[in-house]
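Under my numbering, the first residue of the sequence shown carries the number 267, and numbering increases by one thereafter.
Everything labelled a hint here was simulated from the structure, so no lab data went into it. Note that the structure is a prediction, hence the values are computed from the model and not measured. Every residue, glycine too, gets a C-beta built ideally from N, C-alpha and C. Misleading hints may appear alongside valid ones.
Unchecked claim - Pairs of lysine-lysine residues, derived as DSS-like cross-links and limited to a Cα-Cα distance of at most 30 angstroms, are as follows: (1) 357 <-> 408; (2) 395 <-> 274; (3) 408 <-> 274; (4) 391 <-> 293; (5) 546 <-> 274; (6) 274 <-> 545.
Unchecked claim - Here are the simulated distance ranges between beta carbons: (7) 423 <-> 479: 21 to 29 angstroms; (8) 324 <-> 558: 42 to 50 angstroms; (9) 447 <-> 555: 44 to 52 angstroms; (10) 320 <-> 483: 40 to 48 angstroms.
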Amino acid sequence: MSRQPTLKQLRYLLAVADAGHFGQAAKACFVSQSTLSAGISELEDLLGVVLLERTSRTVLLTDIGREVVRRARATLLDIEDMIAVCDASQKPFTGRLRMGVIPTIAPFVLPSLMKRLREEHPDFKLLVKEDLSGHLVEALNKGDLDVLLLALPFEAENVDTEVLYEDKFWFACAHSHSLHQRDSMLPDDLRGQDLLLLEDGHCLRDHVLEACNLELKDVSLPFQATSLNTIVQMVASGIGVTLLPDMAVHDSLLAGVDISLKPFAADAISRNIGLMWRKKSPRADDYRALGEIVAATR
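Model the full assembly from the supplied sequences, consistent with the hints where possible.
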């Protein structure tokens, strides 16, 4: 019993392992660097091993350090699951839930979702983090998030997913564009076009290409944006064409912007919106109940 590390010491170690820097790890843990360093030194003394190789610029894990980090991460996830079991034993929508949402969903779903949760479940606390899919999956695997709202499919290990609904794509171009006169579009109409997409890392980019059975070599990319707002402005200026998700088209994204929208003749030109959580999570029923509200408020 005397050699058991504390959860705080394990969290300090994981923070350094993830950040590779004592100062950044201390900020992530909301403690001073000296406090974090002392906590890890105490952990090393307790275990009788050197966990970190400290240099003037970097921090590296030793071989035993990597093994301890792996086990510490699993231990902290088990602790989170233990807390989740207790939360799940209460009535639905009590306590708190940490959800990650991607940028191409968040502004179109969160306002109505948060409003309904406040009205119907005032004791429920939903904490939201907006980021790219890859970063959110990493946070989910580390136990920093409980559930993700994102576009599926997205490759990840040891997770369960549930599709909530389909979000179709609209073709968008300027009124001066040659395709403006078309009543509906086919995926092949995009070949050779100046197609405006989000920059690499946004899953919407991949879903657009996959839905239309296109590769990057099939189109020209005159501009890669960080947001749909920027893309819409570029389309309105006649820079190129794009595909917009239905949830964005029916929100305020196009307010004050005069562009031409065309449906696709094929119903399959779409992306799936769904939830992702760690496999065997004890709160799976809570996540599904949240997904029902997400689908109902779209």
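Hints versus structure:
{"no.": "1", "hint": "357 <-> 408", "result": "holds (26 angstroms)"}
{"no.": "2", "hint": "395 <-> 274", "result": "holds (23 angstroms)"}
{"no.": "3", "hint": "408 <-> 274", "result": "holds (15 angstroms)"}
{"no.": "4", "hint": "391 <-> 293", "result": "holds (24 angstroms)"}
{"no.": "5", "hint": "546 <-> 274", "result": "holds (25 angstroms)"}
{"no.": "6", "hint": "274 <-> 545", "result": "holds (25 angstroms)"}
{"no.": "7", "hint": "423 <-> 479: 21 to 29 angstroms", "result": "holds (27 angstroms)"}
{"no.": "8", "hint": "324 <-> 558: 42 to 50 angstroms", "result": "holds (47 angstroms)"}
{"no.": "9", "hint": "447 <-> 555: 44 to 52 angstroms", "result": "holds (47 angstroms)"}
{"no.": "10", "hint": "320 <-> 483: 40 to 48 angstroms", "result": "holds (47 angstroms)"}
Going through the hint list in order, the structure satisfies each hint without exception.
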